[in-house]
Every structure is written in C-alpha cells, then in structure tokens.
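> The chain contents come next:
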Amino acid sequence: MSPTVLIARKEAGEILASGRGQGWLLALSAILSVLSLLLVSNTELSLLDNAQVVYMMMGTVTALGALLAVALGSDAVAGERERGTLVPLLLAPVTGTEIVLGKMGGQVVAWFATYGLALPYVWAVGSSGQNLAQAVGYLALFGTPVVLTFGFYAYGLSARFVSVRSALLTALITLVLFASPLVMGPGLRDNPIGKAFDAVNPFSAALNSFDSVVIDSQPFTAQAGRLAVAIVWLALSAWFAKRSMERTEV
Amino acid sequence: MKPVITLLAACLLAGFAALAGAAARLDMALSPDRSNPSSPQMGDHMRFISVIRNGGDTPAQGVVAWISLVQVDPGHEQPMDLEDWSAHKAVTRAVLAPGEQVTVDWPMRVIQAGDYRVVISAVERDTPHIITSPFIDFHVRQKPVVESARILPVALGVPLALGGLLGWRLRRRR
Chain F
1 MSPTVLIARK EAGEILASGR GQGWLLALSA ILSVLSLLLV SNTELSLLDN AQVVYMMMGT
61 VTALGALLAV ALGSDAVAGE RERGTLVPLL LAPVTGTEIV LGKMGGQVVA WFATYGLALP
121 YVWAVGSSGQ NLAQAVGYLA LFGTPVVLTF GFYAYGLSAR FVSVRSALLT ALITLVLFAS
181 PLVMGPGLRD NPIGKAFDAV NPFSAALNSF DSVVIDSQPF TAQAGRLAVA IVWLALSAWF
241 AKRSMERTEV
Chain X
1 MKPVITLLAA CLLAGFAALA GAAARLDMAL SPDRSNPSSP QMGDHMRFIS VIRNGGDTPA
61 QGVVAWISLV QVDPGHEQPM DLEDWSAHKA VTRAVLAPGE QVTVDWPMRV IQAGDYRVVI
121 SAVERDTPHI ITSPFIDFHV RQKPVVESAR ILPVALGVPL ALGGLLGWRL RRRR
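Those sequence lines, one after another, are chains F and X. Just so we're aligned, residue 1 is where the first sequence starts under this note's numbering, counting upward by one. Just so we're aligned, residue 1 is where the second sequence starts under this note's numbering, counting upward by one.
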C-alpha cells in the first residue's frame with residue numbers, strides 16, 4: 001500500500017471513527033436540522049419555493065464543509081508540531097507531496113461524510129420541487145473543489161505557521177471573506193467591486209452555479225466558466241500546500 | 001297664507017341645495033400597477049394604485065382610506081387579515097382641498113392561493129357615509145413550498161441517530 005493511502009486511511013479513521021470526529025458530524029447535523037426547522041417554521045421563509053430552499057441548503061453545506069476543511073487543514077502540520085509528532089513524520093520515507101496528499105485524503109473523506117449527511121436534508125426540503133437531482137450532482141461537482149481549496153489553503157498555512165491557533169485564525173478570516181456572498185444577496189454584489197469579487201471568488205462561483213442550475217434550470221454549458229474558476233483555485237491552493245510543506249521547519 | 005308657505009318652502013329648498021353644493025365630494029379610482037405579474041403566484045409582490053379626489057367645493061377634513069381584501073372562492077368567502085400580506089394598511093389626510101387628489105400606492109405580498117377581491121374604502125370626518133373604489137379581482141396560483149411533514153423526521157432523526165451512535169460507542173468503550 002502506498003504511503004499516501006496509508007496516511008489517508010489513518011487520517012480518515014481519526015475523523016470518522018474517533019469520538020471527536022463523530023461529535024463534529026453530530027454538530028453539523030444539528031446545524032442543518034436547525035436551518036431546516038427555521039425554514040418550515042417561519043411564515044415569510046415558508047413562502048420560498050423548494051428550489052430557493054435547496055439553493056440555501058447547498059450554500060450552507062458547502063460552507064460547513066469548508067469550515068471543517070479549514071479546521072482539519074490548520075491542524076495538519078502545526079498540530080503535529082505541537083504534539084511533537086512532526087519529526088517522526090518528516091523522517092519517515094515519504095515525500096512531502098505524499099504527506100500532503102495523504103492528509104488531504106482524510107479531508108476528502110470528511111467532506112464526503114458531510115455531503116452524505118446533507119443529502120437527507122436536501123431531499124427533505126427539495127423532493128417536491130424542481131432540479132433535485134441536479135442539486136445533488138452540482139453540490140458534489142462544485143462543493144468538492146471549493147471545500148478542498150480551503151483545506152489545501154489551511155494546510156499550507158499550518159505548514160508555515162508555528163501554532164494551530166495562528167493558522168486556524170488566518171484561515172477562518174479568509175473563509176469568512178470568501179464565503180461572504182452566502183449572506184450578501186446578489187443585489188448587494190451588483191456593483192463593479194462586487195462583480196469583480198464574484199468573478200474570482202470560488203465560493204461565489206459555486207453559489208452562482210447552484211442558483212443558475214437549481215433555480216433558473218440553466219444547463220452545464222453555462223457553468224463551465226465557474227467550474228474553471230473553482231478548479232484553478234484548487235490547483236493554486238494545492239501548489240501552495242505543497243510548497244509550504246517543502247519549506248516547513250521543525 | 002298659501003303664498004307665504006310656498007315662499008318658505010322655496011327658501012328652505014334653496015338653502016339645502018346651497019349646503020349640498022358646498023359639501024366635499026370624494027371620488028376614488030383603483031387600478032393594478034403595470035409591474036404586477038399577469039398570473040401571480042404565492043410569494044409574488046403586487047401593487048395597487050388608488051387615486052382619491054375631492055370633487056366638491058369645500059375641503060374634505062380628516063380623510064382616512066384603507067385597503068380591504070376579501071377571499072371569494074366559493075365556499076371560502078371571507079375577509080382576509082392583512083397582517084401577513086401588507087404593512088401598508090391605511091393612509092390619512094388632514095385636509096384634501098377642493099379639486100385636490102392624492103395617489104396612494106398599496107403594496108402587498110400575496111401569500112395564499114385563491115381568488116381575491118381588493119377594494120379601497122375612505123371616509124371623511126364630516127360626511128356620514130363611506131366611499132369605496134371599484135373592485136379589482138385577481139387569482140393567486142398555488143406553488144409547491146417546503147413541507148414540514150417531510151422535514152421534521154429528518155431534522156430530528158439524523159441528529160438523534162448520530163447522537164445514539166456516539167453514545168453507544170462511548171458506552172462500549174467503557
């Protein structure tokens with residue numbers, strides 16, 4: 001078995017099998033439950049059609065996945081350093097790239113656990129509406145690169161910063177900035193600065209695609225540019241994580 | 001004697017006629033806004049424009065106008081509580097001069113499917129009767145909204161299942 005797979009299995013096991021990891025999943029499900037209950041209990045919100053609610057749910061799931069990725073990525077190297085386990089890891093016969101990919105393998109598993117957890121909620125709010133199948137597909141298609149982008153970014157910060165706290169704080173501030181379109185409607189972003197920010201922001205790319213596909217029923221060809229933005233960010237953040245790992249110091 | 005009575009009656013009639021001519025006379029028109037959806041569905045916003053005009057010779061004092069909405073579906077006829085439909089339920093005008101008119105915009109969000117009739121009513125402090133606008137009828141289409149019956153089992157079931165799994169693992173570990 002390759003070192004990458006071994007590290008990924010260890011990381012995934014720690015996330016899914018540990019009490020801490022299951023506690024995270026429980027917290028995520030509680031957040032999605034509260035959101036769902038708010039949607040049905042509020043008179044104003046209950047006027048929203050299914051597609052609008054599914055769109056809101058998709059954005060929230062992507063944000064929660066990115067949040068989990070930031071937490072895991074920030075701990076990836078700085079956490080090993082703080083626990084005194086970084087030296088044995090670096091002395092092991094594995095390359096920096098294999099360590100990065102292995103650690104990120106754990107994040108992929110965490111994201112798909114989050115995704116799987118979100119599916120019953122997406123079905124519950126959207127099964128009587130339109131484009132539910134597209135919603136499930138596009139949440140995976142756009143959610144995966146966006147979540148992993150933040151995971152790689154936090155990993156890179158974790159390799160460069162001495163403490164988990166510094167890496168986590170920096171990554172969280174960045175996530176809040178990039179995820180701001182989740183709370184700012186299209187009207188607030190309808191100005192030159194907002195449009196420029198939307199054009200380069202992977203989170204905006206995902207949200208705009210969710211809107212376009214689920215609410216406006218537009219085809220994949222209309223999403224290709226947005227998917228390219230998300231993939232470019234994924235590649236850049238992966239490169240940043242790899243470079244940071246090569247330069248990491250004990 | 002008879003000519004005197006006739007003269008008195010004529011004077012009284014002339015006096016009433018003069019008083020009637022001097023009174024304020026409110027006219028009202030009501031029309032849907034051009035931006036209204038042609039076939040509104042639940043959640044859509046609509047606007048109605050009313051024009052209240054004083055067509056009399058004297059100022060109208062203390063004019064109050066309000067919007068009313070009535071559901072007219074057969075078997076479900078009822079006046080609607082506008083609480084969730086509109087925050088703009090009435091307007092007042094201290095004085096409406098002769099010939100003056102006031103245009104009022106009545107926005108609302110239609111929140112329930114059905115057939116409806118909207119009307120604007122107005123009263124003036126010194127006139128003992130109500131003035132109403134012509135009716136406008138419209139139909140609100142149903143649309144699928146979030147169904148609580150499907151969400152509740154998921155919203156409660158998933159955290160409970162995960163919590164149960166976590167509790168079982170912790171207990172087994174001991």
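Please keep in mind that the hints were generated in silico from the structure rather than gathered at the bench. All C-beta atoms in this analysis are idealised placements derived from N, C-alpha and C, irrespective of residue type, glycine included. It is possible that some hints are incorrect.
Claimed, not checked - Covered stretches of chain F (in silico footprint by chain X; criterion: 3 or more residues with CB under 8 Å from a CB of chain X, positions within the stretch not fixed):
1. 19 to 33
2. 115 to 127
Said to hold, decoys possible - Here are the simulated distance ranges between beta carbons:
3. F:ALA222 - X:PRO98: 41 to 47 Å
4. F:ALA140 - X:ARG34: 41 to 47 Å
5. X:THR58 - F:SER128: 58 to 64 Å
6. X:GLU77 - F:LEU38: 31 to 37 Å
7. F:SER128 - X:ARG109: 39 to 45 Å
8. X:LEU160 - F:SER18: 16 to 22 Å
> Checked against the structure, which of the hints given earlier come out wrong?
3, 7
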